[in-house]
Amino acid sequence: MDTKRLLVLGTSSDAGKSSIVTAICKIMSRDYKTAPFKAQNMSLNSWVNPDGKEISYAQVIQAWAAGADPIPEMNPVVLKPKGDSYSQVVVLGEHYADRSAGNYYESIDEMSEILSRALSKLDENYDIIVMEGAGGAAEINLYDRDIVNVGTARITNAPIIIVGDIERGGVFASLYGTYMLLPEDIQKNIKGFIINKFRGDPEILRPGLKQLEEMTGVPVLGIMPYFRLRIPSEDSMSFREKEGSGTVPDEKINSNNALEIAVIQFPKISHFNDYEILESQARVRYIDIFGELGDPDLIILPGSGTPLKDLAAIRESGMADQILSKAGKVPIIGIGEGYQMLGKKLTGPDGKTVDGFGLLDVETVYKTEEGYSEKPVRVSFTVKSYSPILKAINGKTIEGFTAHSGSTTTKEPIFGTDGAVGQNGMVIGTSMHGFFDNKNLRVALLKYLAEKKGVPYTEEDGFTMQDGFEELAQVFEENIDMEAIYKIMGLK
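Heads up: the sequence shown is residues 359 to 850, going by the working numbering.
Hints are not guaranteed to be accurate.
Said to hold, decoys possible - Derived DSS-like pairs: lysine-lysine, alpha-carbon spacing no greater than 30 angstroms straight-line: (1) K411 to K391; (2) K411 to K362; (3) K810 to K797; (4) K754 to K769.
The set of hints was computed from the structure by calculation and includes no laboratory data.
All chains should be modelled from the sequences, with the hints used to inform the complete structure.
Shown next, in the form of structure tokens:
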């Protein structure tokens, strides 16, 4: 069969496009070879495939839902913000350039050609391509240089579904306004609306749904209820607006026996999905740098897209002092740039050196002002038990990937050639992302924390990412006219 395509656009950022695409990918993959696609994604949350190619984590999640291997053609352009209107541009998984917003738009014709080639490659291997737009589709000031909404719509001529977030208020105005503001050649391809994140009785909306359909001639395909997604967060908006604690049962999270883990929310936090897997076993708190650290059982310093600026920010906010007051008493783990901040010195490309936390005997030198200067690679390390936290997995192997900025030197690496330990084994640092995805390491860490706190430890409840995809798909099928979507795409 010829490849069929569907384009999901939104009325705004965080309207729920990513989760809608994930649900459709999961459902359609039961009968067809299905792949996700997003022409361009702006994100500091990426993943590295076995070939060392970098992809936005949103499309990785969608690919896994579809049972497909994530490849860079699913997200040909990734913009990784570096501050001051500059971004690192990643094209087909490889570093392409560092560009300001203005300079990037000068290369938009080249980017359009790249996305066309990426779609052609996906056409060769998949029956269905479920495509996602970015932000609000009706950004009229960007129509001449928008490759991800208007551009994708014109290149593919695909049927379009528009998603509106009712939680933000004004959902009818935003759906109608988006419809009316899109150019006529794209407007004619709009085949359905979905209202997302609704709380309450959907019958209340019926009069408005009818009027919207009469005004536009476009059917409302359904109303997606608000519910706790138990799949990894795909972008920074969904991460920052977290409710609950992932897959962990509420009764466990609210008990006095729950372990508490504090993840410091840097202004430019990156690879935030590294820590979500811990939510199945602990109360994970994502703490703003101006917040109160409290009394956690573990503190995590995550990755950062702008490490020197974020280090200065946590000092100015007082969060650095709160963390240092816990050193030696509470385990502290740094990942990526968080690891570098725990070291003694960080030297910028201008040669100026600033002090780190001084908790690890490591130093870092940055080749560029901000952002990633080292090529991301997948890695496999052997654990050395310099820490009581890790003694249970001494000599065992852990796997992940590195995608960090700067060059870090360590005198006594604890993971192959990487990482360091200090403060009598209570402070650990590593460049590895996906660190906690290693079950042997995760179990050793959680058992140690439980014993230290004097509470029982129980193994994970078995809820998997695929269970989360199935749950999302079930809710989608119960509330959205999936048969109409198949017909829109010309499928049985």
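Here is how each hint holds up against the structure:
1. This hinted pair checks out: K411 and K391 have alpha carbons roughly 22 angstroms apart, not beyond 30 angstroms.
2. Taking the CA atoms of K411 and K362, the gap is about 26 angstroms. The hint holds against a cut of 30 angstroms.
3. Among the hinted pairs, K810 with K797 is consistent with the structure: their alpha-carbon atoms are about 20 angstroms apart, no more than 30 angstroms.
4. Restraint check for K754 and K769: satisfied, since their Cα atoms lie roughly 21 angstroms apart, inside the 30 angstroms limit.
Of the hints listed earlier, there is not a single one the structure fails to meet.
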